[in-house]
Amino acid sequence: MSYFEFISQYGERILSGTLITIILTIIAAALAVSIALIAGLMRLSPNRFVRSVAAVYVEIFRGTSLLVQLYWIFFVLPLFGFTLEKFTAGFIAVGLNLGAYGSELVRGAILSVARGQWEAALALNMSGVQRMRRIILPQALLIMLPPWGNLMIELLKSTALVALIAVADLTFQAKQINSSTFLSAQSFGTALIIYYVVARFLITPSMRWLERFMARKMGEA
Amino acid sequence: MTDETHASFPLRLEGANVPMVSFRKVTKRYGSLVVLDSLDLDVAEGEMVTIIGPSGSGKTTVLRTLMTLDSINDGVIYVDGEPLTHMSDGTKLVPANQRHLRKMRSKIGMCFQHFHLFPHMTALENCMEGPVNVLGLSKKEARERSEELLRMVGMADKRDQHPSRLSGGQQQRVAIARALAMRPKVMLFDEVTSALDPEVIGEVTGVIKKLVSEHNLTMLMVTHQMGFARQISDRVSFFYKGRIEEQGTPDELFGDPKKERTQQFLSAVREAV
Ligand SMILES: Nc1ncnc2c1ncn2[C@@H]1O[C@H](COP(=O)(O)OP(=O)(O)OP(=O)(O)O)[C@@H](O)[C@H]1O
Ligand SMILES: [Mg+2]
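Quick note, the sequences are listed as chains A and B, same order.
Each step along the first sequence adds one to the number in numbering that gives the first Met the number 0, with nothing skipped, and position 31 is 30.
Each step along the second sequence adds one to the number in numbering that gives the first Met the number 0, with nothing skipped, and position 220 is 219.
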């Protein structure tokens, strides 16, 4: 079977798998960003209890395997009465896991905003929330965008694991096609290229665009 | 600090000639290092007081504790007759809570050596930030007020530039306008010309001179520029190890210093120039 024949026969399934992967990536990314922001801010809270809750979350999700976390959410939580649909379990696991890494980026970026910015905002008598929201976070955002770009590519690649709980993503489709056709090079080769293309030509340029957009808003471009 | 020491401080300063700023036996320590040593310092309304002294003598700390950027360990600071670092619980002074600090802070503005303009905002937005978000002015009112101040500091034509596009002297002038936009009663200047190239220092000192002659602001300034201090101050305070070693009118302090440490400091500074 030529590669052309392979594509015309299985292209539709590969495409639907790709779409699932992209949707999963977008939803998991939204979750990861929100959780990272919340946990990152919590880790800087003056309240010790709030700080430790966030620290425990980060420790657990960074310190253990994403695959095992996924299995926990999908297979173990139902034993406690929380049954999640597999797609939901998939994006929650990936989102929580990458969110833990992201919270470190948020925390680090906030801490690296110059101390004088806090002080100038205090001298204007801004409240703690105003200082964070209007002065510190916008600057922290610019600092953390480049590492977030890497994290987003990491996140895309991590979504492949959801195939193991039978979410019909790109990896799942490639596996299925491979097991019925034994055309391993074609199946997995195609998947490999699609992951690369999505990362290189969708995620990277969007993040670059966002970086330039933010830099312009900061008057640096 | 014990309640007993508090009991000796008045709940508020009353009577004629209440100073705008009053440090009463203020002590500030970092570990075992005493930075302000039971400091007493009064600044009258509309007065311009310049603090000079060797590095580490506590000059910046005076301004920072007044801006509430640093807390104090002992004593009380009063602003406009009311305690700043403390508040009254009816019978005695207790450490100020956040609400009291926010109320009192509105009377004070500060300019820093390194400007600390907000880089993600234009010059105009920097000036409008406080009036809109803290004072609750409408955008229109805040804009008018800010534009007028930017004109006053000679930065009207650069109002839409971000700080990264401005020179040091220009940034400092915007920072002064930003602080003034909050209409403080007391302005603090901490070595506002020290980070500037020599040729632009005049832009900034010019603005401060204008403030002194045209406004009735109370000002506390730390500077290493003795000539400038002599020109515009009502009073010069020479700090040494967290205390006022000697103070007087500029002519007294620069022309006829009484204390040996003052003489040594002034001659060392003159040699450096
Ligand atoms: N956060 C801090 N922790 C520990 N020590 C500090 C801190 N801030 C200031 N100090 C110390 O307090 C002393 C007084 O500092 P301050 O900044 O008031 O001096 P200064 O008179 O402004 O000196 P300079 O002319 O160098 O600006 C210095 O010895 C300084 O090292
Ligand atoms: Mg200093």
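Read the hints as simulated data drawn from the structure, not as lab findings.
Be aware that one or more of the hints could be misleading.
As the list claims (entries may be wrong) - Result set (DSSO-like, lysine-lysine): computed pairs, CA atoms no more than 27 Å apart in a straight line:
| hint | chain 1 | residue 1 | chain 2 | residue 2 |
| --- | --- | --- | --- | --- |
| 1 | B | Lys106 | B | Lys208 |
| 2 | B | Lys157 | A | Lys216 |
| 3 | B | Lys24 | B | Lys106 |
| 4 | B | Lys240 | B | Lys209 |
| 5 | A | Lys216 | B | Lys106 |
| 6 | A | Lys174 | A | Lys85 |
| 7 | A | Lys216 | B | Lys258 |
Violating hint indices (sorted, rising): Failing hints, ascending: 4, 5 and 7.
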